[in-house]
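> Construct the entire structure; sequences and hints are all you get.
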Amino acid sequence: MMKLGCCYYPEHWPEDIWTEDAKRMVEMGLSQVRIGEFAWSRLEPTAGHYQWEWLDRAIKTLGDAGLEIILGTPTATPPKWLVDSMPDMVAVDAQGNPRKFGSRRHYCFSHQPYREQCARIVEAMAERYGDNPAIVAWQTDNEYGCHDTIVSYSEAAKLAFRRWLTDKYDNVDALNTAWGNVFWSMEYRSFDEVEPPNLTVTEPNPAHVLDYRRFASDEVVTFNKLQVDILRARSPGRDMIHNYMGFFTEFDHHDVGRDLDVASWDSYPLGFLEQFWFSDEEKLRYTRQGHPDIAAFHHDLYRGCCAGGRWSVMEQQPGPVNWARYNPAPLDGMVRLWTLEAMAHGAELVSYFRWRQAPFAQEQMHAGLLRPDSEVAPGGHEAALAAADIQQLGQIGETAKSVALLFSYEAAWLFEAQPQGQSFRYLELVFEMYSALRQLGLNVDIVSPDATLDDYKMLVVPSLPILSASLVDRIEQLGVPTLFGPRTGSKTMDFAIEAGLPPGPLQRLLPLKVSRVESLRPGLTEKGADYDVTRWIETVETDLPSDEVVADGRGVVFSNGTVRYLASWPPAPLIKRVFADMTKEAGIDILHLPRDLRVRQLGDVHFAFNYGTEELDLTDHIKGDTLVLGDAVIKSAGVAAWKAD
Amino acid sequence: MMKLGCCYYPEHWPEDIWTEDAKRMVEMGLSQVRIGEFAWSRLEPTAGHYQWEWLDRAIKTLGDAGLEIILGTPTATPPKWLVDSMPDMVAVDAQGNPRKFGSRRHYCFSHQPYREQCARIVEAMAERYGDNPAIVAWQTDNEYGCHDTIVSYSEAAKLAFRRWLTDKYDNVDALNTAWGNVFWSMEYRSFDEVEPPNLTVTEPNPAHVLDYRRFASDEVVTFNKLQVDILRARSPGRDMIHNYMGFFTEFDHHDVGRDLDVASWDSYPLGFLEQFWFSDEEKLRYTRQGHPDIAAFHHDLYRGCCAGGRWSVMEQQPGPVNWARYNPAPLDGMVRLWTLEAMAHGAELVSYFRWRQAPFAQEQMHAGLLRPDSEVAPGGHEAALAAADIQQLGQIGETAKSVALLFSYEAAWLFEAQPQGQSFRYLELVFEMYSALRQLGLNVDIVSPDATLDDYKMLVVPSLPILSASLVDRIEQLGVPTLFGPRTGSKTMDFAIEAGLPPGPLQRLLPLKVSRVESLRPGLTEKGADYDVTRWIETVETDLPSDEVVADGRGVVFSNGTVRYLASWPPAPLIKRVFADMTKEAGIDILHLPRDLRVRQLGDVHFAFNYGTEELDLTDHIKGDTLVLGDAVIKSAGVAAWKAD
Amino acid sequence: MMKLGCCYYPEHWPEDIWTEDAKRMVEMGLSQVRIGEFAWSRLEPTAGHYQWEWLDRAIKTLGDAGLEIILGTPTATPPKWLVDSMPDMVAVDAQGNPRKFGSRRHYCFSHQPYREQCARIVEAMAERYGDNPAIVAWQTDNEYGCHDTIVSYSEAAKLAFRRWLTDKYDNVDALNTAWGNVFWSMEYRSFDEVEPPNLTVTEPNPAHVLDYRRFASDEVVTFNKLQVDILRARSPGRDMIHNYMGFFTEFDHHDVGRDLDVASWDSYPLGFLEQFWFSDEEKLRYTRQGHPDIAAFHHDLYRGCCAGGRWSVMEQQPGPVNWARYNPAPLDGMVRLWTLEAMAHGAELVSYFRWRQAPFAQEQMHAGLLRPDSEVAPGGHEAALAAADIQQLGQIGETAKSVALLFSYEAAWLFEAQPQGQSFRYLELVFEMYSALRQLGLNVDIVSPDATLDDYKMLVVPSLPILSASLVDRIEQLGVPTLFGPRTGSKTMDFAIEAGLPPGPLQRLLPLKVSRVESLRPGLTEKGADYDVTRWIETVETDLPSDEVVADGRGVVFSNGTVRYLASWPPAPLIKRVFADMTKEAGIDILHLPRDLRVRQLGDVHFAFNYGTEELDLTDHIKGDTLVLGDAVIKSAGVAAWKAD
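Read top to bottom, the protein sequences are chains A, B and C. Start counting the first sequence at 813; every next residue gets the next number (the numbering used here). Start counting the second sequence at 813; every next residue gets the next number (the numbering used here). Start counting the third sequence at 813; every next residue gets the next number (the numbering used here).
Since the hints were made in silico from the structure, they are not lab data. Do not rely on the hints blindly, as some may be mistaken.
Given that identical chains are not distinguished, each listed pair holds provided it fits within a single copy or across any two copies.
In silico DMTMM-like links for lysine to aspartate or glutamate, alpha-carbon gap of 25 Å or less [unchecked claim]:
| id | residue 1 | residue 2 |
| --- | --- | --- |
| 1 | Lys1213 | Asp1401 |
| 2 | Lys912 | Asp985 |
| 3 | Lys912 | Asp960 |
| 4 | Lys1455 | Glu1160 |
| 5 | Lys1325 | Asp1185 |
| 6 | Lys912 | Asp900 |
| 7 | Lys1447 | Asp1364 |
| 8 | Lys1325 | Glu1288 |
| 9 | Lys1339 | Glu1094 |
| 10 | Lys1455 | Asp1416 |
| 11 | Lys980 | Asp896 |
| 12 | Lys1339 | Asp1144 |
| 13 | Lys912 | Glu967 |
| 14 | Lys980 | Asp1306 |
| 15 | Lys912 | Asp1306 |
| 16 | Lys1339 | Glu1427 |
| 17 | Lys1388 | Glu1244 |
| 18 | Lys1325 | Glu1187 |
What follows is the structure in structure tokens.
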């Protein structure tokens, strides 16, 4: 059964209220608590002088109250004395400026002496608390990459990049060939000549950029693994967790996830709506709810980021936040809705950030479950309601596989390095396809291209520019309806155009060539039957008939057996029709949901979530089924659940 | 009687025209002239070698013509030889770049050796001219802060900030506690670890930022005082003046004003309209007039910046300027209107910038009273008209106190450090309330929260986030109708949320708690009776009834006796209604002015100013009163004045 | 007869396909090929070790196929080993950052040791290939200034600037006077105190900026001349060419052109439309054609950049490019149209960029005549069609002179240094006047103010702020209808306002004074008869009658004999009427072309180009003339040509 929890900072509060806090957490229905991840300056106020006693007492207090503790390593916030002892440990931005102490994440992943310091503090913590029965899990660091901190242009990064290239290419001629450095006399005579791809006169070689992004991602993997290895050795049986972020693709979360037991993420639907690409119309319509696919998208994505499919929400927005351009309050009911939606997608834990709103420092305007004056905030009341709902629903079974959507972090880096049209943004492309699937009522798993695809009934590949022949083979063998989106198979591993033109290895299944591509400025469209193609369209050479043709005669959808290719940015009406056709072939039932409604099936329970401000009547749909939560008429921000009879 | 003057640069012109220039000034009706403030390279062409003779002759020529001289200290433009002798004297911007020689204001306020150089040149000038009878006043430096020059991130500033913090907090633990540095392990072990709050990975601690802003403001105060002290000692009986700017809040003008005799400001209504936040509609409507409240707002603000209420316009726009994005010409009549409006608000002097348009260097496209070919420009003709009007009106008495609006520079810094919604801008909030008061025909004094409030009949506090208990006491004792705007009393001195929630100490007069706040993106509104709440709304817990309620049931105005709280950004119809109610309680008469008309009462004279392009008929209003200037039908850009019979 | 060619990079392709490539070029109708300009790292892989053999073979292969070779010097892409040997050779941007290796153009024009390296490699190439009969021309470097590389703020540039100033002013007092440095105590005691005008606190002295721009331009001239002198000495009889860019004014192309035999340019109509100032409406209407005046404007401009009027298109867009924000494909027919339009304007060569699309590195998404898989791309097919058309048309004679439009690079720099209104952009001003002339069907020559103006029937001077008395004399002597646009004659050589006010020396022909100027924000207009004045309007003092008056009574067109002055930004209806009046006086026939049609006369051949998406019927216009190409009904992207009988 899904647990609830919260993020707590005993070091922020007088010790005499810890006991009461712990008691109130339990009363609210929480059973887990995350602590410690920003406390380095309190654990080690000066170099080598640890002060464990306060944390000992905090852990005891919380544990005694019956709470399970997730203990964070404090490496996201090295103290000032440490930074002053090695000032070059900070990251350097693309403009060449050091990114200084004074907030958080002021370190470069490639700085070896800082890694040694991290190993030291993690070892010390593991030594002291590894066997503590109250500790059930460890969180490594905090939100890798927050504040654009993955890619650094420091001296340390430069040297580490050279080592990474040496490992990859062995000799520099191989690198020159792979990158096509002959192009502008960019050839190197040795790896020691290579520099980070910043501050170049005009755009650097995209192959150079892509390798730098791969390198930067790998640095996160090894940084994380260093901690995990220490913790596993000294704290056996505990889960290893990291808390990922929303709409964030700067490192490969699948790679990091391979070393974790649980992938968790930090869910701030209102902030994400405000800060990302959504239209003004959407930002207003969903200002107090978040777009109905934001939370679900990440639930389904992060479920695919750990081998066992275990995942959690480590930080759940409980009210207004402080960090978006505008920070409205959620509609009454949304905190509960978000919580139950995580449950419907299979979360193990929803942990609210944070227990009590801190009255000081950067996040003083970030709501908590409690107000700064310790009264229960609206979010706290809803957490208690959600706790009761979870009890009422009880244990629910596993979910059968249905649709897999393939997601590639490398694809995101590649298209950023060379978008060819500034509106071609990979994450948006994926999200639009995901949203179309969800509007059809489908359960979706977002998985790595390397994931096992067995048992899925249908596949969606929004775009996979670097497409391996082996994946083509696997998909052929699966034989289920599969859609490949634009630019799939367009590039080699070395960021060159496929010799036989795109879609490269996919041509074995789909005999067609993309002979020309166009990016379209806003307002420029190609008319289709009931849709407009925007942003991107390809010219395809093929003997296959076109399933869909636009006004100038170009085909935009081609199919061969169960495999389809979409030669444009996906217009919503078109892509929903294509998906509907595919589900028919796959034998999957679909719905046509109204705009504000989303559903998900978990085990034998069907959930429905109303993201609108008006009530929605599902009476006809639910019919004879048994309601196990809520009503058939779902009010604004409401939830219903039922089981088929 | 208000004087007229101009800014003159004898060093820019051949000496043989000085005499003629002086004669023409007097003929135009000018009696004061400001000189010298950019002339350092001519006074001291090489280190220590002064060349006073030209200035001796200039002062004599102007003085002999009967002009009173305001002599500027040249410290805003240190010469190249001086900068080269200590290159680290320049300010450093937030990106870490030195702000180099080649224009003006290329110094850091915290650089001690530069301060010594300033003291030296000021002393030398005071020594030579302190007793000169032609000198009636000194202007220190020029436009402190122009071109974003208050906050510097130099080494000098860093060291001075550490000293300032040491003085303020005495021990570093006190600082850590005050700022809440435990939050992200930001704790310091000594003051020597503290750095300026720039180039941090994400936003720095707002308490850190606020103290840095306070420090930077204090640096201006001591920099200015250094000069004032020297001048007062060597030039007794002369007024000490600085020329402030428009819409500028980077340092505390009240603090600097405590060391001055006269607060002056530089009034460029067209440039300010273009460069600041006004809507496109307003920028077009008032493109050749300026928004009708821009000049008045500053008149009323700077009158409150010197103990005695003495103030001037040191630079008055006389025609098109050079520095706005677009630089149209004023409507015929506007230069005269601006001049007489300054008079109506109580100015001692309106000094036009500049006598003659310079044909060279940065400001060659800035109009003067004369054209570059020495013909009288349109602004010069209007200055002469204004001189005649002033004579005609004669000496006018004092003005009775009416409405005080409390303005806090610290509040501006605080909301910049943590706006919580990007449209919450303090200066706009204040201006909107001020404009509403002015549209009701009220005389307004904009004063410091520390000002004596005796004799005011009504108080408006647009927002005062750091609210002292003593001010609450004083306001209670005054017992006049008082409005407090949103976020008043929301923060402690240390930039933390008030323990008992906002409005903190105000709860003694108004028993309510702000339990939650929301910032609203453009387009998101809460509907009220005849208004829309935009930008900001608060959720209030209280037993008080709501005077105004929006559609979702939340109250936005609460009152208790004479004290009111506004829990949202002020919608114009609502705030005008609230002010009207308050004036009724206060026994003050109001008008409902058309959009382009503004009035002010000075002594027994009522002035009216037509900022529109159509004539306005005031016949019914003036009725039996005696016109002392202009006609009852005021033409575009026209002025009328009358006395009640 | 105009030749066709292409840009080819043998070093990008396996040697075994060179012969086939050369053969296919000839078959497609190409006769010239440009090679070598980015090949430094292959010609000299390590310092001083040349590898000529591959280039020997490439030249032999191409030459043997009958192709004429234009050989580029590789100085735009110095290899890494060279940069590492003198890291200070790179340019420094305005923010003070070095502009590093990793793309191209990573050098500072003022770096003397780099110049020596350039001389060395150019000498070595000239030595080896100077007499090679296959080499018919040399291209120096590549696209001077691309990626904003003219102005550098490096130490090398600083020192060179000081030398340049010393040469120009001889003594520093002259400089101080010329710039008006007294203004803000900006006076220097020696040239060694002068710095580049970047990182100043607010805007630097515009006279300082203008001299820095003149200096930077002169550096390009001497950099180019260094190569030309070497090549002329060692490769007699070959043409010296540089390939200029589109809409680029950072250096004086007339000055550089004085050392060349042929001015060539790189024509990318779709990319230029997208990246420059055109309205959204124009960007959508012409998204696959380019604005109808973009290519022609540059043809007519660059024809004026070499003494003999010889010019070429060195790089012609053959399909979608990679570098604009959005990169659509040209309409079918546009590549042919652009080619024939260059012919109609008198080009010697149109060379397509590039032969085959490279599958790797920065420009992998840039189309070629061949696709990456070596199939002929649409652009290749159209090149072959154009080759046939050229054959069909045969040799065509010279064109009689008609309208000269005076273009000044210095004017562009001056208005950038001090626009006075941010919408006053010189290149747009010129383009709008040029477009108006073209819409009247006129042949236009865009020429330097220093050009011989004999035989022109009409002159247009969009604006010439620095107007020499001698040019005024020459124009008086010509006695043909001449229009001077706003701000003409407004500044001295030293960037000061003319003593007798603008238009300065022009007052001899047109007795008027510009007494005041206004820049107008978007939306602010002055109404004229059938037009709105936007952006800029002047107030003119004169006894001349006004030919055109706006609503507030100000005249905007004044004439005296054959000379006219336009006192505002040119509204299209007004300027077309003025030009029509002038052609009448000049005895030139005009047309009133529909929006998408352009015509040009070359010798006795009249060409017409349809830039629209609908067909245009010219039957009535062509009447009894003899069609020599195409039909009287010109289809979208079509061309027609006819001769008068």
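> None of the hints should be skipped; say for each whether it holds.
Status of the hints after comparison with the structure:
1. For a Cα distance limit of 25 Å, the shortest separation of Lys1213 from Asp1401 inside one copy, 13 Å, qualifies, whereas the shortest one across copies, 75 Å, does not.
2. Within a single copy, Lys912 and Asp985 get their C-alpha atoms only as close as 37 Å, which misses the 25 Å cut-off; across copies the closest is 22 Å, which meets it.
3. In the homo-oligomer, the alpha carbons of Lys912 and Asp960 lie at most 25 Å apart both inside one protomer (14 Å) and across protomers (23 Å), since each shortest distance falls under that limit.
4. For a Cα distance limit of 25 Å, the shortest separation of Lys1455 from Glu1160 inside one copy, 21 Å, qualifies, whereas the shortest one across copies, 79 Å, does not.
5. When the C-alpha separation of Lys1325 and Asp1185 is checked against a cutoff of 25 Å, the pair qualifies only between copies, where the shortest distance is 10 Å, while the shortest distance within a copy is 65 Å.
6. In this assembly of identical chains, the alpha carbons of Lys912 and Asp900 lie at most 25 Å apart whether taken from the same copy (10 Å) or from different copies (21 Å).
7. For the identical chains of this complex, Lys1447 and Asp1364 are inter-copy neighbours only, at 16 Å across copies versus 46 Å inside a copy, given an alpha-carbon limit of 25 Å.
8. Taking the closest pair of Cα atoms, Lys1325 and Glu1288 come within 25 Å of each other only inside a single copy of the chain (19 Å); across copies the shortest separation is 64 Å, beyond that limit.
9. Taking the shortest Cα distances, Lys1339 and Glu1094 sit within 25 Å of each other both inside one copy (24 Å) and across copies (20 Å).
10. When the C-alpha separation of Lys1455 and Asp1416 is checked against a cutoff of 25 Å, the pair qualifies only within one copy, where the shortest distance is 6 Å, while the shortest distance between copies is 82 Å.
11. Taking the closest pair of Cα atoms, Lys980 and Asp896 come within 25 Å of each other only across two copies (24 Å); inside a single copy the shortest separation is 34 Å, beyond that limit.
12. With identical chains, the CA atoms of Lys1339 and Asp1144 are at most 25 Å apart between copies only, with a shortest distance of 18 Å across copies and 42 Å within one.
13. For the homomeric pair Lys912 and Glu967, the shortest alpha-carbon distances inside one copy (15 Å) and between copies (15 Å) are both at most 25 Å.
14. Proximity of Lys980 to Asp1306 under the C-alpha cut-off of 25 Å is restricted to the intra-copy arrangement: shortest distance 12 Å within a copy versus 53 Å between copies.
15. Proximity of Lys912 to Asp1306 under the C-alpha cut-off of 25 Å is restricted to the inter-copy arrangement: shortest distance 23 Å between copies versus 35 Å within a copy.
16. When the C-alpha separation of Lys1339 and Glu1427 is checked against a cutoff of 25 Å, the pair qualifies only between copies, where the shortest distance is 21 Å, while the shortest distance within a copy is 36 Å.
17. In this assembly of identical chains, the alpha carbons of Lys1388 and Glu1244 lie at most 25 Å apart only when taken from the same copy (10 Å versus 47 Å across copies).
18. Proximity of Lys1325 to Glu1187 under the C-alpha cut-off of 25 Å is restricted to the inter-copy arrangement: shortest distance 12 Å between copies versus 64 Å within a copy.
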